[in-house]
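Student: Sequence lines, in order, name chains B and Z. If you're matching positions, the first sequence starts at 138 in the numbering used here and goes up one per residue. If you're matching positions, the second sequence starts at 337 in the numbering used here and goes up one per residue.
Hints are all accurate, no fakes.
If you anchor each label on the Cβ, the simulated ranges turn out as follows: (1) Ile382/B x Gln614/Z: 41 to 47 Å; (2) Arg480/B x Glu536/Z: 25 to 31 Å; (3) Asp883/Z x Asp444/B: 52 to 58 Å; (4) Pro750/Z x Asp442/B: 39 to 45 Å; (5) Ile601/Z x Cys163/B: 48 to 54 Å; (6) Gly555/Z x Leu462/B: 25 to 31 Å; (7) Asp840/Z x Arg480/B: 38 to 44 Å; (8) Ile249/B x Asp860/Z: 53 to 59 Å; (9) Asp444/B x Pro759/Z: 34 to 40 Å; (10) Gly430/B x Gln614/Z: 36 to 42 Å; (11) Cys918/Z x Arg480/B: 43 to 49 Å; (12) Thr414/B x Pro750/Z: 50 to 56 Å; (13) Asp398/B x Arg821/Z: 43 to 49 Å; (14) Gln308/B x Gly555/Z: 55 to 61 Å.
It is worth saying that the hints were derived from the structure and are not from the lab. Every residue gets a Cβ at the ideal spot worked out from N, C-alpha and C, and that includes glycine.
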Amino acid sequence: MATVPLKVNRIGLEPQLYKGGKTTLCAGCGHNSISERIIEAFYEMGVDPQQVVKLSGIGCSSKSPAYFLGSSHGFNAVHGRMPSVGTGAMLANQKLIAIGVSGDGDTGAIGIGQFVHLMRRNLPIIYIIEDNGCYGLTKGQFSPTADLGSTLKNGVVNDLQPIDTCALAIQLGATFVARSFSGDKKQLLNLLKAALSHRGTVMLDVISPCVTFNDHEGSTKSYAYVKDHDDPLEEVSFVPFFEDITVEYEPGSVQEVKMHDGSRLLLKKLDEAYDPTDKIQAMRTLHETSRRGEFATGIIYIEPDRDDFLKQLNVVDEPLASLPLDRTRPPQAALDEIMESLR
Amino acid sequence: MSPIDVAPQEKTTPLSATRVVNDFSIQVATVNGSGSQTANLVLLRSILLMGVPVSGKNMFPSNIAGLPTWYTIRASKRGYVGRKKEVDFLVAMNPETAKEDVMTLEPGAAVVYDEPLKLNELRSDLTFYPAPFDKLVAAVCPDAKLRRLVRNMIYDGILAKLLDIDLAYMEQALSRQLGKKAKAITLNAAALKAGFDYAETTFTKQDPFHVEKMNATAGKILIEGNAAAAIGCMMAGVTVVAWYPITPSSSLCESLIGYMRKYRIDKETGKATFAIVQAEDEIASLGMVIGAGWAGARAMTATAGPGISLMSEFAGLGYYAETPAVIFDVQRVGPSTGLPTRTAQGDLLSTAFLSHGDTKHILLIPHSVEESYELAMVAFDLAERFQTPIFVMMDLDLGMNNWMSDGFKYPTKPLDRGKRLTPEILAKLGEWGRYKDVDGDGIPYRTVPGDGMPAFFTRGSGHNPKAQYSERPDDYVNNVDRLSRKFETARTHVPRPIVDTDKDARIGIIGYGTSHWAITESRDQLREETNVKTSYLRVRAYPFTEDLVKFIDAHDRIYVVEQNRDAQLAMLMKLELSPERCAKLRNVLHYSGLPIDARSVSDDILAQEGFEVTKRFTPASASSMTGGE
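With the hints as constraints, model all of the structure from the sequences given.
Tutor: Here's what the structure looks like:
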């Protein structure tokens, strides 16, 4: 009798291994959609969960790593300081695949210092901001990404300038900067797959409405508002290195970006010509869309070839954490030489 | 006025009748940034080369150039290397402090000074040796721009003559100091000679101080505690280092960078077997160390008190998430613009309980450069054995000053990488829980990312033995009680105190860290000068071992010697001692920012023992140092 073959991915693993615990976030929370896309992307790309480390800070967003990739190691760090923990883990073992999940408060307020320096280093990590413009876990206070004029449920108006994490990341040297919307399944999935093919820092700001504290009229991070003001820069398609697919397109209509692992990112141009390898155009576009009250989404800036942090540090190829003693303790002759120099 | 006219004064006490050999201190007062370090180190090393035990202490301002700085060199035939309270020989090169420096000397001291300062007019009970430094340096250094750099070498030459230090040793020390810089060696050697010749033709020796050849320094090295700790870290196989510059700890990581670049580059690939990152602050430094320790690396950081304060939250996370980390705290005085370049033992209490909630940490406390090297290795073993942050409590005096030591021994013990889950252990256990105490010692088995063993989700305190999220009261209580059990296990694993018992002693002294050097000298003073016998216990770690109680029980009165205001070690001890034992404790506290000295310890103990103690001179001008903002 024939048994129904189990569904597995390219490395022979079942979807179950990519799932996590049951979410404790509010029903309809944008963060849950992001967790689902992460599960799909890691499964479809055939990433070994044993090699993945999930990192987060504190907040609703930072709880979410418990809800995906349950067979991977996770570290819920302290508020705003996940970048340093992720940096340490990657220095210890550069074979790991790091995914960090943060929020707009965890990144833009308490964690802005570590965020800034993470972007400068080009550490191999996928850094996701689940961005809802408010503090959910402490019941709805404004966060630093709340837009000018956006209101709280109780009518309080934000009159402070928002931090545009994408513009900041580009200015600081991040090599893969994208923005998406938790409701745009296709775009987000392709961006996550592309992120897995990038060697360096991926900064992915995902607008992810808070259904409990920031989904009302007057909020610029509500589902309705974001849906109406989402301005995709391009149509994002992704061809992984392990799929031999030829895509037909009109010359000049698609920009192809070759990723670090051989995958291809295909960016179909929409209304106007947008080149995400042009830093200046990227910055201008972010400012222009923001002035119009819109969100530019898609790949905003990409630089696939820059050396990552470990390469800059010229670290050996093997994980530092498991180097044997004979490679980490210099011989007696070295100590003798040092002692002699001090006599 | 020619130099001969002013030196020496007739009224000078004729002390030269009694020769004081190999037992005095020299203080060199200069301006920060004037290049005196080379001259001071050459002087220090030349005495060492004469076979005489010697130590050097730098008392410097928080400043790059312009403020006063003092360097003290102590020669001691009995091997005392703590700070000597009295200055016997002053080299006054700083116009700003010269008068005060001279006024605070004890009668009978000698002064070499820059002639225009006219210090001889100030007192008649000292020996003065004026020298025209500008004139002397101009003669040997035609390039005016370089004169500032070699000017200080003149006083080395003068001292060589006055103290009978063989010029050949000075030249040897100079080559050692300047390495392959041939031109610099020639210039400095000329200045040295000029000073020597000037002293030879001009001065009549009036003071009693002499250096005589001994044979007490064969094979000895001279090293700063920070460099010693760095060597220990390298030998411990450290692979990840994250740090943020802060006095007085920066030179620990900087030395480490130097050593690692030399000895830890893979020969075949030319790549580094380490990663060292200068982080954005101390919070990130410890975050990186905890991330690296969590992922299985031997990781460390070094900082000072302000950095320790910033690390507080992460230290607690490390304790609860049970992540190995090694943190060096090179202690100094107080926050912000205070006395960042002065020594203290002021972080003991706050570090022992660093963070919020119920948290207590293992502390290691080295007293010497050799122990800094050895305890660095112990720290990494304990961090992995106990899966927790380990703090190595050094201080500025140890970390940044030059100490004489025997050469360090190559480690022979294998590394202790702690309890890591392997397929074999998993098979034996049957079921694994990250925070499950299977051996009864409070220490669970851990896995690290990428090791092929079961994964877990790391959080703070809210978890059950299987590392699952839990806010259940029993899970919380069980977990913190297990952590206490782990801390109790540590009591039997940390380095035990070093005890020296005098069977006739009713008095016990307890001390730690660099206070050791003042304490051992003070014990000799107490015994020889007043026939007061003492026993001594030097604490090397927290939690305390059972030796502490035994020692207290064996004595009537216990003097706890510390370099802080609040008697922090005594407080820590009182938390676990019975009221009867607590009642035996008395405090000897020293917290001026200067390293503790034996005389102060002796005087304090004698006063508390009911002896009449003569009021002495206040410490040399260093005690009242002021500087511009």
